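*Asks:* Take the sequence shown: its letter number 359 is residue 359 in the UniProt record's numbering, and every next letter is one higher.
Errors might be hidden in some of the hints.
Quick list of in silico lysine-lysine cross-link-like pairs, DSS-like style, CA-CA up to 27 Å [as the list claims (entries may be wrong)]:
hint, residue 1, residue 2
1, K23, K58
2, K114, K58
3, K359, K243
4, K359, K399
5, K300, K316
6, K506, K489
7, K247, K326
8, K530, K506
9, K506, K433
10, K23, K106
11, K326, K399
12, K399, K530
13, K106, K26
14, K433, K399
None of these hints come from the bench; they were simulated from the model. What you are looking at is a predicted structure, and each value in this text was computed from that prediction instead of being measured.
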Amino acid sequence: MELECLENGAPLTDLTFIGVLRKLSKLSVSRCGRPADVKTDHFPAICKTHHKAFTWLKTLSLSNRNFENVSSRPLACLYNLQHLTLRYDYISTVEDGAFQHMSRLKTLNLGHNKISVLGAQHFVGLYRLETLVIEENPLMTIEPQSFVSLRSIKEVTLGVLNFPSPESSEIQLNLTNVFGGIPENLTYLSISSGRRPMTLIIGGNDVPNTTLTLYPHLGIMFHNLTRLENLTLAHCWIHSLEKDLSKDLQSLRVLYLLIDNEFSVSESFFDPLRSLSYLIMVEPRLVCSCDNAWLSDWVKQQRQVQVYLSKAIVCKNEDGIQSLSKYTHAHCFMDLEFLFFVSTSLVLLLFMLVVLLYKLAGEYLLAFFYIARGWVEEAMRRNKRGRYQFDAFVSYCGKDEPWVVEELLPNLEQRGPPFLQLCLHARDFQPGKDIVENITDSLYRSRRTLCLVSRNFLRSNWCSLEMQLATHRLLTERRDILILVFLEKIPSRQLSAHHRLARLVKTRTYIDWPQDPTQREAFWDRLWAKLTPQT
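Please take these sequences and the hints and turn them into a complete structure.
*Replies:* Put into structure tokens, the structure is as follows:
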């Protein structure tokens, strides 16, 4: 149950009635308006008997009143209260231990009051507090250890600080002293110094060796500090400086590092630091890793940033402490000039070998490629019935095509049964397909190859390629698959220029086209019988 009371006249000073409203979980009391002559209010009576606890109330809001003082007695019975709001109440004094009985409190809002001092005992007992709002208060003093009890704190809003000092001087605030260390769960901290410069200190002489490595939200510690100009990390422990840590520090001019442990620096850490002018590293000791190898060269080559090193950068691993430069040169760097030389030499050598090989054996390589592909296709067809589509692949020059059409086709394809099926490039090649692929596919889809040799045949490059592929197939399959038919007499000296064909003529039987018409019938019978598949 929730109850909201709006006061228009006299202030409501007795809230003990909530003792009978056992289902009441939220109570809000607020005055409408504030006449100038209203006198100071007393804190409403809630807990008249300390032994009686109002455990059912979880949220209490008292706003726009005039309390001036907050003590523990009126709140002593609110053991289970989780959210307390005291805004616009003209509170100027918070007594020590004022909230000590509210150990379950998660949210405390004291905004828009007159509080000028935060004492070391003001928030004692608030171990579960997660959100603290003190904005719009004339804060002049924050005592050390003021927030030491806030172990679960996540969000703190302090607002504008009005520390007494000349208007032009900077405000200094040691956050480690105030919190008694860095709260592990802190994710949001809002502090302003108005127009005055401000220095936030994390760590100090009385809290040495601040261990930032235990802080789970370290990556967002400096987020939104877009106007921060000086950052000092001294006598603290941190594993790595990453880009997440520096992404909003675009105005940072001076970075001072005195880190007590071995750490790493990401190469992207300095990318957001566009205004960085000075980098001071005191006795830098990094982790021996190739991830840090870039830092030595970056320090030497940097022109925009003035880098001061109290000692040379060293690193530490299981072998002990050693120079970072020596470690990186021994384990990380390869001579780039030598690497470029070797890679360029290999590329040039490979290019020269390819050119030389193509020049000396280009036609053989091309033939080998198509023969190898033919082998694969032949192996795939080997155990299949009807693997040959044609009885013979006819290799001839286009100028001899009239003889093929008028003599060869009628006497072979129309003689039978069985009737022969010949493969002619003019008739059976697939349109749009590469010529060499057409030749290879047709040759391996034919049982035999029939070469019609003439002077035109010898002058044709395509016929030469067909002859070359056919002879390679002849050598690999070791079958009688090549038949030579000479359409005309060719002198031996002219034939010798074609060494492949000349060698075949010397080792294999060939057929001559007879000039005597009476002998042609026997020629066709002999050729037809040679091409007819054996049953």
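*Asks:* For each hint, tell me whether it holds in the structure or not.
*Replies:* Tested hints:
| no. | hint | result |
| --- | --- | --- |
| 1 | K23 with K58 | holds (11 Å) |
| 2 | K114 with K58 | holds (26 Å) |
| 3 | K359 with K243 | violated (56 Å) |
| 4 | K359 with K399 | violated (30 Å) |
| 5 | K300 with K316 | holds (21 Å) |
| 6 | K506 with K489 | holds (15 Å) |
| 7 | K247 with K326 | violated (31 Å) |
| 8 | K530 with K506 | holds (20 Å) |
| 9 | K506 with K433 | violated (36 Å) |
| 10 | K23 with K106 | holds (21 Å) |
| 11 | K326 with K399 | violated (78 Å) |
| 12 | K399 with K530 | holds (25 Å) |
| 13 | K106 with K26 | holds (14 Å) |
| 14 | K433 with K399 | holds (22 Å) |
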